[in-house]
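So the sequences go chain by chain: R and S. Each residue of the first sequence is one higher than the one before, counting from 1 in this note's numbering. Each residue of the second sequence is one higher than the one before, counting from 384 in this note's numbering.
No wet-lab data here; the hints were simulated from the structure. The model shown is predicted, which means the values in this text are computed figures rather than measured ones. The beta carbon of each residue, even a glycine, is placed where N, CA and C say it ideally should be. One thing to keep in mind: the hints can contain errors.
[Unchecked claim] Cβ-Cβ distance ranges computed for the label pairs, FRET-style:
hint	chain 1	residue 1	chain 2	residue 2	range
1	S	Lys-397	R	Arg-257	53 to 63 Å
2	S	Glu-423	R	Asn-198	49 to 59 Å
3	S	Lys-397	R	Pro-121	50 to 60 Å
4	R	Arg-257	S	Glu-423	42 to 52 Å
5	S	Thr-515	R	Pro-35	49 to 59 Å
6	R	Ser-117	S	Lys-577	41 to 51 Å
7	S	Thr-515	R	Arg-380	49 to 59 Å
8	R	Arg-257	S	Leu-424	36 to 46 Å
9	R	Ala-249	S	Met-652	30 to 40 Å
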Amino acid sequence: MLARDVLTGTHFTQGDFACAEGAIAAGCRFFAGYPITPATEVAERMARRLPEVGGVYLQMEDEIGSVAAMIGASYGGVKSMTATSGPGFSLMQENIGLAAMTETPIVIVDVMRGGPSTGQPTKTGQQDVMQAKWGSHGDYEIIALAPSSVQETFDLTVRAFNLAEKYRVPVFVMLDEIVGHMRERLIIPSPDRIEIVNRKKPTVPPGQYNPFQPDEDLVPPMATFGEGYRFYATGLTHDETGHPQTDSAEEQSKLVRRLCDKIRVNRDSIVQVKKLLLEDADVCVVAYGSVARSAMAAVTRARQRGVKAGFLGLTTLWPFPDKEIEAIADKVDRIVVAEMNYGQIVREVERRFDYRRITFASKLGEDPQTPDEILNYIVRERK
Amino acid sequence: MIQETHPLERFTRKGMIPHIWCAGCGNGVILSELLRALVELKIDLNKVAVVSGIGCIGRISGYVNLDGFHTTHGRAIAFAVGLKAARPDIKVIVVSGDGDLFAIGGNHFIHAARRNIDMTVICSNNFNYGMTGGQAGPTTMPDNRTTTTPYGNIEHPFNLVHLAAGSGAVYVARWTTAHVRRIRESIKTALTKKGFTFVEIISPCPEQYGRRNRMGEPIDQFNWLREKSVVQHFSDPVKAEVGPNKVVVGEFVDIEKPEYTESLRRQMMTVQGTLEKEGRLTSAPL
Numbered sequence: 001m002l003a004r005d006v007l008t009g010t011h012f013t014q015g016d017f018a019c020a021e022g023a024i025a026a027g028c029r030f031f032a033g034y035p036i037t038p039a040t041e042v043a044e045r046m047a048r049r050l051p052e053v054g055g056v057y058l059q060m061e062d063e064i065g066s067v068a069a070m071i072g073a074s075y076g077g078v079k080s081m082t083a084t085s086g087p088g089f090s091l092m093q094e095n096i097g098l099a100a101m102t103e104t105p106i107v108i109v110d111v112m113r114g115g116p117s118t119g120q121p122t123k124t125g126q127q128d129v130m131q132a133k134w135g136s137h138g139d140y141e142i143i144a145l146a147p148s149s150v151q152e153t154f155d156l157t158v159r160a161f162n163l164a165e166k167y168r169v170p171v172f173v174m175l176d177e178i179v180g181h182m183r184e185r186l187i188i189p190s191p192d193r194i195e196i197v198n199r200k201k202p203t204v205p206p207g208q209y210n211p212f213q214p215d216e217d218l219v220p221p222m223a224t225f226g227e228g229y230r231f232y233a234t235g236l237t238h239d240e241t242g243h244p245q246t247d248s249a250e251e252q253s254k255l256v257r258r259l260c261d262k263i264r265v266n267r268d269s270i271v272q273v274k275k276l277l278l279e280d281a282d283v284c285v286v287a288y289g290s291v292a293r294s295a296m297a298a299v300t301r302a303r304q305r306g307v308k309a310g311f312l313g314l315t316t317l318w319p320f321p322d323k324e325i326e327a328i329a330d331k332v333d334r335i336v337v338a339e340m341n342y343g344q345i346v347r348e349v350e351r352r353f354d355y356r357r358i359t360f361a362s363k364l365g366e367d368p369q370t371p372d373e374i375l376n377y378i379v380r381e382r383k
Numbered sequence: 384m385i386q387e388t389h390p391l392e393r394f395t396r397k398g399m400i401p402h403i404w405c406a407g408c409g410n411g412v413i414l415s416e417l418l419r420a421l422v423e424l425k426i427d428l429n430k431v432a433v434v435s436g437i438g439c440i441g442r443i444s445g446y447v448n449l450d451g452f453h454t455t456h457g458r459a460i461a462f463a464v465g466l467k468a469a470r471p472d473i474k475v476i477v478v479s480g481d482g483d484l485f486a487i488g489g490n491h492f493i494h495a496a497r498r499n500i501d502m503t504v505i506c507s508n509n510f511n512y513g514m515t516g517g518q519a520g521p522t523t524m525p526d527n528r529t530t531t532t533p534y535g536n537i538e539h540p541f542n543l544v545h546l547a548a549g550s551g552a553v554y555v556a557r558w559t560t561a562h563v564r565r566i567r568e569s570i571k572t573a574l575t576k577k578g579f580t581f582v583e584i585i586s587p588c589p590e591q592y593g594r595r596n597r598m599g600e601p602i603d604q605f606n607w608l609r610e611k612s613v614v615q616h617f618s619d620p621v622k623a624e625v626g627p628n629k630v631v632v633g634e635f636v637d638i639e640k641p642e643y644t645e646s647l648r649r650q651m652m653t654v655q656g657t658l659e660k661e662g663r664l665t666s667a668p669l
């Protein structure tokens, strides 16, 4: 990557563009996608920028093909991304399973809008967060990140590529429409200050390479097509050599457990949260994405009224920050979960915190929760 | 001296053979002729990837001792498009079945052909979904019986060479597994030609399709393909029928037009050259 590929400097731009620039800074040189509101600006930016930096923008015939093409490019050794929204995210689930099964590093941006189905394409939502975790069939683990500002969109897109490469797993950047279209300051650092992680390559010669034999971290080194390794990958259950194992209970158990465990055992180095005024808080607001911005403002206003409120922001949605919820469970009296859906992440909080002491601040459609709306939930529960 | 090993054995993946295909199936012919074509062309086998979808022939990407990827059902071409666009130095070959390529994967086929992206798609057309037990598909012949057309097929089948030609493929051929040398020559032509090339190979499925349609023993089905085939090179693909009394085979299309990955690289060079000349980092500052 050339230094001039990264647009170092201070800018005023939207989240979708910050996402595209983050991808390019992370080394992404392949984008396959299909137009969809409100993610189209990511594709448009990539279509203009990728040829400038020697990358490929490919407009596919649908979102199913987009993920298949990304897996192809990634097996060709090129960091790959797509961007979509709800309906496209649904179509992608099939090959997200294939990427999980074949341990393919890919990054999928989902700029969430109102669902189900075509829903409200231009309005924001946070209704895809459970789909991100459970969308494809079978047991597998993925990583999902949720930025709440334009700057964080850039930073977390870079991180998404690093995590995808490190763990050979699909990583989702779960923007919501507000973060995607919001314009604010973005500082792009110089390339030498951007951490880049590349996938582990095999250290053995082709004859000795087993494409799915993991190292101690449970992640197998990844060869690239066209390098002479002549290896085989399949969506069928397979052993460490990559050969199909369609009957063996032992191989099925071994593979599925490893695909999940490589993320579960490494969760401490993956999970990130934001904390504000939590030390002495009686009530904690849990939020992510654009709602986190209102939640932080609400907590500040509550403090001005003498209410001991704090904030826990979920930068990582999956693997879920369960330990971080548990860490505050004995300290706070109540938790307010604010999200733009009818009950998704709140269920995960309920698994770690007494549901009778949880207030669910749900909002659907149109504008996001305002600080005052969330403040009302904070204050109301004190009565 | 007696040779103990098959001359193609070193081109197959250790531990993957014997294959899963039934006795009398045509897929073995496709596998061996693909390998022979690659060997005769002296292509660098480290730079070849075989991509397949789901179904009996889908296992072929594991049988060849090359880079291989066995995708989800219908998505082999979409995977191949991404691989080829990202890595134009790799020769990309898709081998899959009629149901995989033309029912669930039909959209990817027509769009890859429309783009004229450099790859060779080989379709093993056996008129039904063999692996799942013989259900009707997009090429099932009229009135034929399958497990899901127990009273006879009332749908119209795709004419694959017509579809490929209409979608923009630059080379289109059809043979049957009774045309062993012709298959090899067509695959060699397809692999050598720049652009989206398509070879349909009609392949008997005695176990699932032949049995339900009283097509006789495997040898009878082989003889049907041998005796009823008529070579009509460069005839109108619209009229290239496939039926019990006539199977039109041959090369139907061999044309030239700009190839996708070359156009892509050319455009990239122009864009970068313009930036260089203007001394700018990007044409679209944030």
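Hint check:
1. S/Lys-397 x R/Arg-257: 53 to 63 Å: violated, 27 Å
2. S/Glu-423 x R/Asn-198: 49 to 59 Å: violated, 38 Å
3. S/Lys-397 x R/Pro-121: 50 to 60 Å: holds, 52 Å
4. R/Arg-257 x S/Glu-423: 42 to 52 Å: About 45 Å separates the Cβ atoms of R/Arg-257 and S/Glu-423, which means 42 to 52 Å holds.
5. S/Thr-515 x R/Pro-35: 49 to 59 Å: Violated: the Cβ-Cβ distance is about 35 Å, outside 49 to 59 Å.
6. R/Ser-117 x S/Lys-577: 41 to 51 Å: holds, 43 Å
7. S/Thr-515 x R/Arg-380: 49 to 59 Å: holds, 57 Å
8. R/Arg-257 x S/Leu-424: 36 to 46 Å: holds, 44 Å
9. R/Ala-249 x S/Met-652: 30 to 40 Å: Once the Cβ atoms are compared, 54 Å apart, the range 30 to 40 Å for S/Met-652 and R/Ala-249 is violated.
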